[in-house]
Amino acid sequence: MRALFAACLLAFFMAGLTAQHAALAATGDAKRGEEIYHRCLACHSLEHNRVGPRHCGLFGRKAGSLKDYSYSTAMKKYGVIWNEKTLDHFLENPMKAVPGTKMGYAGVKDPQERADLIAYLKQATRDPKICK
Amino acid sequence: MTIVKPTSAAGEIRRSFLSGFGKLSLSATAIALLAGNEKLALIGTASAQTANNDVTILNSALGAEQQAIAAYQLGADSGLLQKPVLALAVQFQGHHKQHAAALAKAVQKLGGKPATPLKDYGFPKDKLKKEADVLAFAATLEKGAVSAYLGAVPILTDRELAKAAASILGDEAMHWAVLRQALGQNPVPDAFVS
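So the sequence lines, in the order shown, correspond to chains A and B.
For the record, in the first sequence the residue sitting at position 46 is 46 according to the numbering used here, with numbers rising by one throughout.
For the record, in the second sequence the residue sitting at position 36 is 36 according to the numbering used here, with numbers rising by one throughout.
It is worth saying that the hints were derived from the structure and are not from the lab.
Yeah, the Cβ is synthetic: ideal placement off N, Cα and C, and Gly gets one too.
Across the chosen pairs, the derived CB separations fall in these ranges: (1) B:Pro117 to A:Lys96: 24 to 30 Å; (2) A:Ala74 to B:Gln91: 34 to 40 Å; (3) A:Lys109 to B:Gln185: 23 to 29 Å; (4) A:Asp68 to B:Arg159: 34 to 40 Å; (5) B:Lys125 to A:Ala74: 30 to 36 Å; (6) B:Met174 to A:Leu4: 57 to 63 Å; (7) B:Gly79 to A:Lys96: 45 to 51 Å; (8) A:Arg32 to B:Pro124: 19 to 25 Å.
Covered stretches of chain B, going by a simulated chain A footprint (3 or more residues, C-beta under 8 Å): (9) 59-65; (10) 140-146.
For the chain A half of the interface with chain B, some residues (derived, Cβ under 8 Å), not all of them: (11) Leu41; (12) Asn49; (13) Val51; (14) Lys102.
Generate coordinates for the entire structure from the input sequences, incorporating the hints supplied.
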């Protein structure tokens, strides 16, 4: 009986830890995200189209819709609106999310890093000092 | 610098493999990217889809290299670099040109169309006011290149291509470290790059 009680207690404790971890993973840190964004700078910038499209105005923008960037056909047809959820899905594995994308990159596999990056992007892409 | 020139019997075998590209069942797709190393033979079997994926990944890397070439040209033309730093910038640009040439050749050999350089990268020219600004800008691009190759190596289907990409990653990391040193920063701040 004592062993059963201890097992239940442990199960509740572990469930609590898991829930807490999930909550943490969902909440991104923009400061950490800025460091992670440095990984993107070989191809992207916030303000200008480079190898990849610019990120200013990203949130709420339809994928593949910038008129002055040459997207792949696949991205033009993708059809999603960029938000936390769609970015999380895409950034985990770009070539799997959008087969035919030009973004030949493995993705950001760690959920917390993705959340941090997305938190940074949400902030920076709306910053009027950067994105005029 | 030229990429692999198959002049030997092994080279003839490589050419026959390559001429078969486009058919669904290829016998080999790997290309030796390391200039002058003819021992890297074509290996592996790949479907057209996996070859297309490798073309996409290589073209992303090629785009990053073309951007780096343009950035170093901007730095060299800025008039802000002292002589030894200018020599370093030209040397690093030369490396990126070699990387770009190798990647473009590999894309072509896989039946793809190499990415072409942009006319304008929107570099922050107005923020480059002194030598340290140029070095810091170059360092951010080199760091980005390290990350780009780190994101390419694991997903390149052909392992010889992955090996060559890892070799380029190593070179980018050396550039990054040297630039950090020149800026008075710890050249190797962490045990792992990301």
